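Here is what each chain is made of, one letter per residue.
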Amino acid sequence: MSNPTISVVVPAYNVAATIHETLISISNQTFTDIEIIVVDDGATDATPDILTNYADPRLRVIRQANRGLAGARNTGIFHAQGKYIAFCDSDDVWEAEKLERHFNHLEGDDNVGISFAGSSMIDEHGQRLKVSQLPKLKNITAADVFKRNPIGNGSAAVVRREAFDCIAYRPASETERDWWFDETMRQSEDIDAWMRFILASDWKIEGIEGLLTRYRIQSGGLSANLSKQYQTWKHMCSKVCDTAPAFAGRHAPVAEAYQLRFLARRAFMMRDGATALRLVTASLATSLIPLIEEPVKTLVTFFAAIALRVFGHVFNPTTKLTTARA
Amino acid sequence: MIQSVVHIVDDASWGGVNRLLACFEKAPEGFVHDHHKIMRIDRGLKMSPLIEADVIVSHMSVCWKNIPFFTSLRATHPETPLVHVEHSYSERFAALKVGNRARFEDLMRLAYALFDKVVAVSRPQAAWIQRRGYADSDQLVSISSCVSLAAFEAVAYQRQDGPVTIGAIGRFHEQKGFDILVEAFVLAARANARLLLVGDGPDRDLLVSKAKGHPQISFMPYTANPAMALAMCDVIAMPSRWEPYGLVALEAMAAKRPVICSNFDGLKQHVSNGAVPIAENTVAGWYEQIAKLGTHEAVDRLGLGTGHVSAEWNFLHAWNKLVHELTYFKASTQKAA
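So the sequence lines, in the order shown, correspond to chains A and B.
First residue of the first sequence? That's 1 in this note's numbering, and the numbers climb one at a time after it.
First residue of the second sequence? That's 1 in this note's numbering, and the numbers climb one at a time after it.
Please keep in mind that the hints were generated in silico from the structure rather than gathered at the bench.
Misleading hints may appear alongside valid ones.
[Stated by the list, open to error] Capping the alpha-carbon separation at 20 angstroms, the derived lysine to aspartate or glutamate pairs in EDC-like fashion look like this:
1) B:LYS321 to B:GLU105
2) A:LYS234 to B:ASP138
3) A:LYS204 to A:GLU107
4) B:LYS256 to B:ASP161
5) B:LYS292 to A:GLU107
6) A:LYS234 to B:ASP34
7) B:LYS210 to B:GLU288
8) B:LYS97 to B:ASP34
9) A:LYS138 to B:ASP34
10) A:LYS138 to B:GLU105
11) B:LYS321 to B:ASP138
12) A:LYS204 to B:ASP106
13) B:LYS97 to B:GLU29
14) B:LYS97 to A:GLU174
15) A:LYS204 to B:GLU105
[Stated by the list, open to error] Far from chain B, by Cβ distances over 12 angstroms, these chain A residues were calculated:
16) ASP45
17) TYR54
18) PHE78
19) TRP203
20) GLY210
21) HIS235
22) PHE247
23) VAL254
24) LYS297
It should be emphasised that the depicted structure is a prediction, and the values quoted were computed from it without experimental measurement.
The C-beta atom is built at its ideal place from N, Cα and C for all residues, glycine as well.
Please take these sequences and the hints and turn them into a complete structure.
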């Protein structure tokens, strides 16, 4: 049997509630020459049973002790045999033509290393939210990735294996296989990998039209995690500074302001007005460029945070302001 | 038949290319078939002088400012085979330093189209040039750069006791990434290791300030005898952010010093020859590596590279072959005419 054209890598850790829907959306792809590699990252819920009972001959399940999202993706990449690798997190859902569209894109231009598309958003019940991720698609520069991460979420990218291997490395502590995503990071591992990719190679990152992923926004969560998320983002940023000091000098403050604005919007969704206001103020203090580049979104975030802070007890924010990811 | 090969060089690449060409002069008799000589071109010159040669080899950098010169070189030497050696660019350079990729691609294709052959200085660089389509596959030749290695081989067994000396040799410039190394060394604070930085350049002040007067970090200016500088080191660190080839790795291998380097561009070739790749070319990545280099035994465990073995011979042979190919065809058509 020859190798499949696309390997779909699905990291799975305690996702019994959602993974079935995810797998159905992969099995139903109009592009069929695929293998589905689910990495069971030490799940302790019913995830393994769901995987055992899932009937698709193209499915391969790899079990490992928990290594986190990056570690599960890396194991998937290590086992992948396809010319292209698509990532799908086990709570997101793909539109049926997603892989076909990316396949055509990657086959049509050998300079594209990472192909991505926009996403619609769904809530935890799978209901469509009114907002979408509609990122910039063409002429993506390192500054674009750093500031706005157009790839957006972990289920949007399809990568060319030959190109993606340029970011593979083997930390001294690792004995089994290479890393592509940094397993020491529990957040920001996506943007870290995309930044290393665009600063290491001259393959293109390019998007195609359409909202091809349904990206699930989990409500709830704790504001305390936002601070952790900020710390991991700073860690990613320090790596960018080491790799490209002149570039980082020019863009890091702006990128940080965008990241703080993104976290402010997250805090807003958690109905934590005080944190949202603190973060959006910090964002504006770090750089005013987001106010110039995206005035509406920046001002809405600012005034929404104030409104929530002041009227928090009577104001019930809906998910309308669900953010496009910074 | 002995052909005359003229290498044209501008001030920017004068020193490096001189060392490269010394390889021809110092080669044992019979190893070099043709007569190679070097010609210095003033920077910014728009018109090429008339050059008497059977083959002209450019070591000048490809940039928009040099396009008039390259064009006139082609126009005034329509029958002479022209070769360009690509010393400047690599994939990581393009990723990190090129703002306008489309303009860069236009420049590369336009400039390379003026030459009969383009010489890549390492295999990874050749693969990149080919993948990007800057040169046709029959136009592209990969000849790994080399210098005369005898002086380096001569210091192979000179060793010193005392602390482990980690050496970093080269231009103090963003490209070489010595700032990463200095920061990592200060963090690691190993009592029995020292860091020796040999060279000079625009980042000198930055490096000195990052070293914070650390007693185990010392600076040394370039020496006319680079082998002597290498002899003072136990292991060579190359945290380059981009590197078309990385000659220092080859010199270190000849001097039997282990090499630790970042794993991209031309350095990948040295890794395939036994240099130790750094996992991530960041302060954290080098910190992890330096923390392990406390003893001479730890340095020995890194192992020695073999890239220097036959490197000179391969280099000379490849040039002999290239010149022969370019002139044989011409000679036979002339005869036929």
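Subject >> Straight-line alpha-carbon gap LYS321 (chain B) to ASP138 (chain B), limit 20 angstroms >> reply: holds, 14 angstroms
- Item | Hint consistency between LYS234 (chain A) and ASP138 (chain B) [alpha-carbon to alpha-carbon, up to 20 angstroms] | Roughly 47 angstroms separates the two Cα atoms, so the pair is violated.
Straight-line alpha-carbon gap LYS256 (chain B) to ASP161 (chain B), limit 20 angstroms: holds, 16 angstroms
Is the Cα-Cα distance between LYS234 (chain A) and ASP34 (chain B) 20 angstroms or less?
violated, 57 angstroms
Original post:
Is the hinted pair LYS97 (chain B) and ASP34 (chain B) satisfied, with a Cα-Cα distance of at most 20 angstroms?
Top reply: violated, 38 angstroms
Checklist entry - Is the nearest Cβ of chain B still more than 12 angstroms from the Cβ of PHE78 (chain A)? => result Check passes; 16 angstroms lies beyond 12 angstroms.
Checklist entry - Is it true that the CA of LYS97 (chain B) sits at most 20 angstroms from the CA of GLU174 (chain A)? => result Violated, at roughly 31 angstroms.
Has the given pair, LYS138 (chain A) with GLU105 (chain B), been kept, meaning a C-alpha gap of at most 20 angstroms? It holds: about 17 angstroms lies between the C-alpha atoms, which stays within 20 angstroms.
Checking a non-interface call: every C-beta of chain B should be farther than 12 angstroms from the C-beta of GLY210 (chain A). Is that right?
holds, 25 angstroms
Given pair status - GLU107 (chain A), LYS292 (chain B), alpha carbons within 20 angstroms:
Distance ~45 angstroms between LYS292 (chain B) and GLU107 (chain A) Cα, so the pair is violated.
- Message: What's the verdict on LYS204 (chain A) and GLU107 (chain A), does the C-alpha distance respect the 20 angstroms limit or exceed it?
- Response: holds, 13 angstroms
Verify that the Cβ of HIS235 (chain A) lies farther than 12 angstroms from every Cβ atom of chain B, and report whether the claim holds or is violated.
About 9 angstroms separates HIS235 (chain A) from the closest Cβ of chain B, which leaves it inside 12 angstroms; violated.
Checked against the numbered hints given earlier, this structure breaks hints 1, 2, 5, 6, 8, 9, 13, 14, 19, 21 and 22; the rest are met.
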